[in-house]
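Chains A and B, in that order, give the protein sequences.
Each residue of the first sequence is one higher than the one before, starting from 26 at the first, in the numbering used here.
Each residue of the second sequence is one higher than the one before, starting from 289 at the first, in the numbering used here.
Hints listed in this document are in silico derivations from the structure and should not be mistaken for laboratory results.
There could be a bad hint or two in this list.
Unchecked claim - In silico DSS-like links for lysine-lysine, alpha-carbon gap of 25 Å or less:
1. B:Lys329 with A:Lys67
2. B:Lys352 with A:Lys122
3. A:Lys122 with B:Lys343
4. A:Lys122 with B:Lys329
5. A:Lys122 with A:Lys67
6. B:Lys308 with A:Lys122
7. A:Lys67 with B:Lys308
8. B:Lys354 with B:Lys343
9. A:Lys122 with A:Lys92
10. B:Lys308 with B:Lys343
11. B:Lys308 with B:Lys352
12. A:Lys122 with A:Lys81
13. B:Lys302 with B:Lys343
14. B:Lys302 with B:Lys352
15. A:Lys122 with B:Lys302
16. B:Lys354 with B:Lys302
17. A:Lys81 with A:Lys92
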Amino acid sequence: QKEVEQNSGPLSVPEGAIASLNCTYSDRVSQSFFWYRQYSGKSPELIMSIYSNGDKEDGRFTAQLNKASQYVSLLIRDSQPSDSATYLCAVKSGYNKLIFGAGTRLAVHP
Amino acid sequence: GAVVSQHPSWVICKSGTSVKIECRSLDFQATTMFWYRQFPKQSLMLMATSNEGSKATYEQGVEKDKFLINHASLTLSTLTVTSAHPEDSSFYICSAMMGPTYEQYFGPGTRLTVT
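With the rest of the complex left out, here is chain A (with noise of 0.2 Å):
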């Protein structure tokens, strides 16, 4: 069974700090990697993907990946309330589902 961990939360930051949201997943051979945000209530909302070892950078979100340690990371820099949300990490699996984790739950206090 092919799985994607994340830490449950809530992780609590408050505004202005950089949130760290973690997940490892289990399949060597994803090539392919996503970051959601899902507010309660709503559909999910893509933020960034990523499909190369390193880092991409995209206004205050930044993706790291490491293929090597299976691990994907998604900073958000000077967090504001309206990031307080769930954050998915999802693998593309190899008939193109996205494999999601349970989600993290971030709460920005001010």
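Position chain B against the provided structure of chain A, taking the given hints into account.
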């Protein structure tokens, strides 16, 4: 970014009736679309993969005769919940995959309540 719409956004129906949910990719063509279900405070559960012009592939435990999926064009997939029962009440979400990147873009979801 890519936009996916769903209609209706919410629906209430009586037990035993059927409900159709539409999913459209508005600004890109999607050869593959996916249907998910999510119960409150639970993870997304993939129900089926829908490929344009072919039969859907259902996940284990999902009744294909109950959840009918049609992907008639590169921008439209439909999910019909047949003979709905209260236990089918859930949040149904579709996604459309952008081919070269494998990125999935989600629709806003349809909240189904069966009374």
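For Lys122 of chain A and Lys92 of chain A, compute the direct alpha-carbon distance and say whether it is at most 25 Å. holds, 19 Å
Would you check the hint for Lys302 of chain B and Lys352 of chain B, treating anything up to 25 Å between C-alpha atoms as holding? holds, 21 Å
Lys302 of chain B and Lys343 of chain B: Cα distance at most 25 Å? Status violated; Cα separation ~28 Å.
25 Å limit on alpha-carbon distance, applied to hinted pair Lys308 of chain B and Lys352 of chain B: holds, 14 Å
Going straight from one Cα to the other, do Lys352 of chain B and Lys122 of chain A come out at no more than 25 Å? holds, 18 Å
Hinted pair Lys122 of chain A and Lys343 of chain B, Cα distance within 25 Å: This hinted pair holds, its Cα atoms lying about 16 Å apart.
Distance restraint between Lys329 of chain B and Lys67 of chain A, which requires alpha-carbon spacing of 25 Å or less: holds, 12 Å
Quick one, are Lys122 of chain A and Lys81 of chain A close enough, alpha carbons at most 25 Å? holds, 23 Å
Straight-line alpha-carbon gap Lys122 of chain A to Lys302 of chain B, limit 25 Å: violated, 33 Å
Hinted pair Lys308 of chain B and Lys343 of chain B, Cα distance within 25 Å: holds, 17 Å
Within 25 Å, alpha carbon to alpha carbon, are Lys67 of chain A and Lys308 of chain B? holds, 20 Å
Distance restraint between Lys81 of chain A and Lys92 of chain A, which requires alpha-carbon spacing of 25 Å or less: Roughly 14 Å between the alpha carbons, so the hint for Lys81 of chain A and Lys92 of chain A holds.
The structure is inconsistent with the numbered hints 13, 15, although it conforms to all the rest.
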